[in-house]
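Colleague: Chain residues, written in single-letter form:
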Amino acid sequence: MIKEIALIGIVGIISYGGSKSAFALDIPITASVTGSCIISTETNGTYAQPQAYTLTTAPASGGQMPITRVDVTLASAYKVKFTVPDSFSSSPQLNDVVTFTGDTEVSAVSDATGMADYETDKVEVNDYIDEYDLSATGSTWFKHTSVANNGGSRAFPSGNYTAYVTAECIAL
Amino acid sequence: MKKQLLIAVLVLWVGYSYSSYYFGSSNNAVNNAYSWSMDNILPDYYNLAVNGVYYTYTPIKNREDAMKVYVQNENPNGGYIFKETDDWSGKSGGIPIRKVIGLEYIPRELWGDGSIEIEGTGSIKDAQVVYSYRYEDGCATPLDNPTCPGYSDAVLDLLPDTTITEIYDALEDENINREETEVDNKKEEQEQEDVKEDDRLERALAINEETLELGNSIAQNQMLDSMNNAIQMNNYYIKTIDGGVYKETVTLKDSNLPDNKYSAILNLSEDIKHNKMVNLQYEGNKL
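As you go down the protein sequences, you meet chains A and H in turn.
Mapping the first sequence onto numbering that gives the first Met the number 0, position 131 (from 1) lands on 130, and the numbers just tick up by one.
Mapping the second sequence onto numbering that gives the first Met the number 0, position 265 (from 1) lands on 264, and the numbers just tick up by one.
Next comes chain A alone, as it looks inside the complex:
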């Protein structure tokens, strides 16, 4: 009697498995989505040190502003968000508070009619974050400034310093 129950149970399981493939089918739907907003670095930035306690990307001081290029193939589908540095990602040991300032501006556009007002229409989220609505297709170049002042007007310790500008394409 016990053997029969066990046997039924096994058969039932097999029967159940076979009936599942017969009454249900997963049909795949695939898509290959390529980025319609592409961010690339046009020029890396370089800090200059006009004063012992200041590091700046200003060309007038000998620095190099980083330039970012954003290409979009869909109009009004994205906004781009830039965050200029508020700290060093790597540096020597700093015993003083470093104050960062920075900004992002449109450097050049590829479409006069659709992009000429990007700069005037930008949204300044805070001192470090700027957002631009990419309402036209094409390429837009953005330049970034960054200035770091060591606290107490103390000289920066010797060593290598690195900071990053963060750029994001955000779908609208």
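Quick caveat, the hints were computed from the structure, so don't treat them as lab data.
These numbers were taken from a predicted model, which means no experiment stands behind them.
By construction, the Cβ of each residue, glycine as well, lies at the ideal position given by its N, Cα and C atoms.
You may find that some hints are simply not true.
[Stated by the list, open to error] Listed next, the in silico DSS-like pairs over lysine-lysine satisfying Cα-Cα at most 27 Å (straight line):
| # | chain 1 | residue 1 | chain 2 | residue 2 |
| --- | --- | --- | --- | --- |
| 1 | H | Lys67 | H | Lys82 |
| 2 | A | Lys121 | H | Lys124 |
| 3 | A | Lys121 | H | Lys82 |
| 4 | H | Lys260 | H | Lys246 |
| 5 | H | Lys98 | A | Lys142 |
[As the list claims (entries may be wrong)] Over the 12 Å line for every Cβ pair with chain A, so calculated as not near, a few chain H residues:
| # | residue |
| --- | --- |
| 6 | Tyr20 |
| 7 | Ser24 |
| 8 | Ala32 |
| 9 | Ser34 |
| 10 | Thr55 |
| 11 | Asp86 |
| 12 | Trp87 |
| 13 | Arg133 |
| 14 | Asp156 |
| 15 | Leu157 |
| 16 | Gln191 |
| 17 | Gln280 |
| 18 | Glu282 |
Starting from the known structure of chain A, arrange chain H on it as the hints suggest.
Modeller: Chain H in isolation, oriented as in the chain A frame:
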């Protein structure tokens, strides 16, 4: 001679080369007048075709002003082969525009004068227009292909006398030439000897032949003479003399023939004299 050989080698060397494409870009075409001739912008390369135009400028204007900027190139056949319009009307100025326009290899011949025209109120600054192009390696320089104009001159220009690589030419080797000359002289002498030998042999054969011919001619002459003699003698043989019998007509009558007295005297005197002479020899012996 060496140059020609080297040129021939170069010609053969490049003869198998195949055509391929190269790409390049022009310098900034914009001048102060914002108009330019493409003859001064695009190089005179073989099968050059423009495949793109890059331009940039910064508009200077007030936001409320209407302004259009045209970047264009005329088509020699009429109209424009390239024309881009930037409408800055109601837009802010001060931000540079950068445009890269891809084209499908428009032949150089269709590119006329270029210009930037401004319509409306405003101006531009920092303008640049650069053309990217493609060309075949055929005749970018005359040396690219033996069929290019000026190829030979270009090759010759590459071969200054001071840089000519001396190619060993066995035919011009002095030692070999000398050796060849000696060999040739010996060969020539041998040939001359052979010729002389042949001459002698021919001459001997000729003499022999001549001798035979001479002998034959003598024999023939003798035969001819004999024949002639026979012919001539036959005339005599066949000559008939009219004759007959000549009868003796003189009749001597018997008579007394007297001796010649004077003859007898003479004979005697001669005898005497003879005897005396004979006797003279004996007279000597007596002594």
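Colleague: Indicate, hint by hint, whether the structure satisfies it.
Modeller: These are the hints, each one checked on the structure:
For the suggested pair lysine 67(H) and lysine 82(H), the alpha carbons sit about 12 Å apart, so the restraint of at most 27 Å is met. Our distance criterion of 27 Å between C-alpha atoms is met by lysine 121(A) and lysine 124(H), whose separation comes to about 25 Å. Annotation: proposed proximity of lysine 121(A) to lysine 82(H) is violated, straight-line Cα distance about 31 Å (limit 27 Å). Under the criterion of a C-alpha separation no larger than 27 Å, the hint pairing lysine 260(H) with lysine 246(H) is inconsistent with the structure, at around 36 Å.
With a CA separation close to 18 Å, the supplied pair lysine 98(H) and lysine 142(A) stays within the 27 Å bound. Non-interface call for tyrosine 20(H) relative to chain A: holds, since the shortest CB-CB distance, roughly 27 Å, exceeds 12 Å. For serine 24(H), the non-interface assignment is confirmed: its Cβ lies about 18 Å from the closest Cβ of chain A, beyond the 12 Å cut-off. Every beta carbon of chain A lies more than 12 Å from that of alanine 32(H), the smallest distance being close to 22 Å; the non-interface claim holds.
The Cβ of serine 34(H) lies farther than 12 Å from every Cβ of chain A, with a closest approach of about 21 Å, so its non-interface assignment holds. The non-interface label for threonine 55(H) is inconsistent with chain A: the shortest C-beta to C-beta separation is roughly 7 Å, within 12 Å. A beta-carbon of chain A comes within 12 Å of the beta-carbon of aspartate 86(H); the shortest separation is about 5 Å. Its beta-carbon lying about 5 Å from the closest one in chain A, tryptophan 87(H) breaks the requirement of being farther than 12 Å from that chain.
Interface exclusion of arginine 133(H) from chain A stands, the closest Cβ pair being 23 Å apart, more than 12 Å. Every beta carbon of chain A lies more than 12 Å from that of aspartate 156(H), the smallest distance being close to 43 Å; the non-interface claim holds. Distance check on leucine 157(H): its Cβ is at least 42 Å (rounded) from any Cβ of chain A, clearing the 12 Å threshold; non-interface status holds. Residue placement check: glutamine 191(H) keeps its beta carbon more than 12 Å from all beta carbons of chain A (closest about 91 Å).
Remark: the non-interface label on glutamine 280(H) is consistent with the geometry, its nearest Cβ contact in chain A lying 171 Å away (cut-off 12 Å). A cut-off of 12 Å between C-beta atoms confirms that glutamate 282(H) is not in contact with chain A; the least separation is 176 Å.
Hint compliance for this structure: hints 3, 4, 10, 11, 12 are broken, all remaining hints hold.
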